[in-house]
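Chains as they are written, first to last, in the numbering used here: chain A, 1 to 213; chain B, 1 to 169.
Treat the hints as calculated values from the structure; they're not laboratory data.
Be aware that one or more of the hints could be misleading.
Restricting the straight-line Cα-Cα distance to at most 30 Å, the calculated cross-link-like pairs of lysine-lysine (DSS-like) are [said to hold, decoys possible]: (1) LYS64(B) with LYS40(A); (2) LYS40(A) with LYS58(B); (3) LYS103(A) with LYS58(B); (4) LYS35(A) with LYS66(B); (5) LYS35(A) with LYS64(B); (6) LYS64(B) with LYS103(A); (7) LYS103(A) with LYS66(B); (8) LYS40(A) with LYS103(A); (9) LYS35(A) with LYS103(A); (10) LYS40(A) with LYS66(B).
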Amino acid sequence: MRKPIPTALPETPPHPLPPAASEGESGTLQADVGKPDSAKQRTLGFVFGIAFGFLLQKGGVGKYEVLMGSLLLTDFTVMKIILTAIATGMVGIFAMHSLGLVKLHVKPTRYAANIVGGLIFGVGFGLLGYCPGTGAAALGQGNWDAAAGILGMIAGSHLYAELSNGLASSILTWGNRGSIMLPDLIGMRLRSFLIAFVPILVAALWVLHLLTG
Amino acid sequence: MESEGGAWSPYLVGVLIGVLSMATFYFSDKPLGVSSAYARVAGMIARLFSRSHVESRKLYQDTKPKVEWEVMLTLGIVLGAFVAAWSGGELTGQWVPAMWAERFGDGLGLRLAVAFLGGAVMVFGARLAGGCTSGHGISGTLQLSVGSWIALACFFIGGALVAMPMYGR
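Let the sequences and hints guide you as you build the complete structure.
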């Protein structure tokens, strides 16, 4: 599953659909299965983390008030950052993929787990006021209550681990569709879908900007 | 309506996070994602008590209890946010957020207890859903994963269902 990063353009033509489309069938986190990360990888992870944390803090999303405002629909900073990141990354990553420069990592769709887990996540997010990434950023900028949230996340992960064998054979199998993508749902080709969808995201951001300043 | 926001434009930050995603795909062959880091740390702690029990758990079989890329990413986030806050004069050094204190008082015990509980519930949901606001909300959605778009919507629906009654809206 883990290949060296291609350093030159491969000979094969770009795929209309990603070859990664069936990668996610086996595990919860397909990227986690395989060899341990090298020291170089871990160093890169740290460097990317510094950049990510820097951006999250400059974006204001280490702040409790901004994150809670996104749930109370009084502050749209989070929505603007997420939608802009999605639109930018979508264009960039599919462009790089069509040139054979990157592999996709499409998480498997499991309807029951995505919905139930997503709602449970939201409940915890509302109580804590930070999410897993912004919680680390909040701690970095000096919001010490985020440390209690991080301890809670470590404890909650272990609770999940205790139940994970049972969950893997029940709810995680319900509505498991593998790594399906939005264009698959409506039977569109990836490229045509992107040509329609990216402008919709940009238009949504524009409307959001006009409405909220 | 913007209550606070950040030092930089959210659109600039969004574009740069999108570019950062491209960089992690290209250089590390990994999507941005944070929540599994906490699972790895949990497994490392639990392994101190019983290695065989940890090895029997499905979560720790899939997400090995080791200092891997996501753990380093998460440590980096703490440092990067510190540098950003320090450079912008935004270090807070606060135990209880002002908005919380206004509504629930500045008692430390209540805030830390709810934060701990919230963190535990949130990450349980993240593991079940298969990712968090980064892994599903940015990396998954930008790859058009159906489950990621569903999860992202559910994160905010669940969050609003709790936040609105908490703050009487």
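Status of the hints after comparison with the structure:
Distance check on the hinted pair: LYS64(B) and LYS40(A) sit about 18 Å apart at the alpha-carbon level, within 30 Å; holds. Between LYS40(A) and LYS58(B), the direct Cα distance comes to roughly 28 Å. Compliance with the 30 Å bound is thereby established for this hinted pair. With a C-alpha separation of about 26 Å, the suggested pairing of LYS103(A) with LYS58(B) holds against the 30 Å cut-off. Among the hinted pairs, LYS35(A) with LYS66(B) is consistent with the structure: their alpha-carbon atoms are about 11 Å apart, no more than 30 Å.
Note on LYS35(A) and LYS64(B): the hinted pairing holds, with a Cα-Cα distance of about 10 Å set against a maximum of 30 Å. Under the criterion of a C-alpha separation no larger than 30 Å, the hint pairing LYS64(B) with LYS103(A) is consistent with the structure, at around 22 Å. The straight-line distance between the Cα atoms of LYS103(A) and LYS66(B) is roughly 24 Å, inside the 30 Å bound, and the hint therefore holds. For the given pair, LYS40(A) sits about 19 Å from LYS103(A) by alpha-carbon distance, which is consistent with the 30 Å threshold.
Proximity of LYS35(A) to LYS103(A) is assessed by CA-CA distance (about 17 Å); at most 30 Å being required, the pair is judged to hold. A threshold of 30 Å between alpha carbons decides the hint, and for LYS40(A) with LYS66(B) the separation of about 15 Å falls inside it, so the pair holds.
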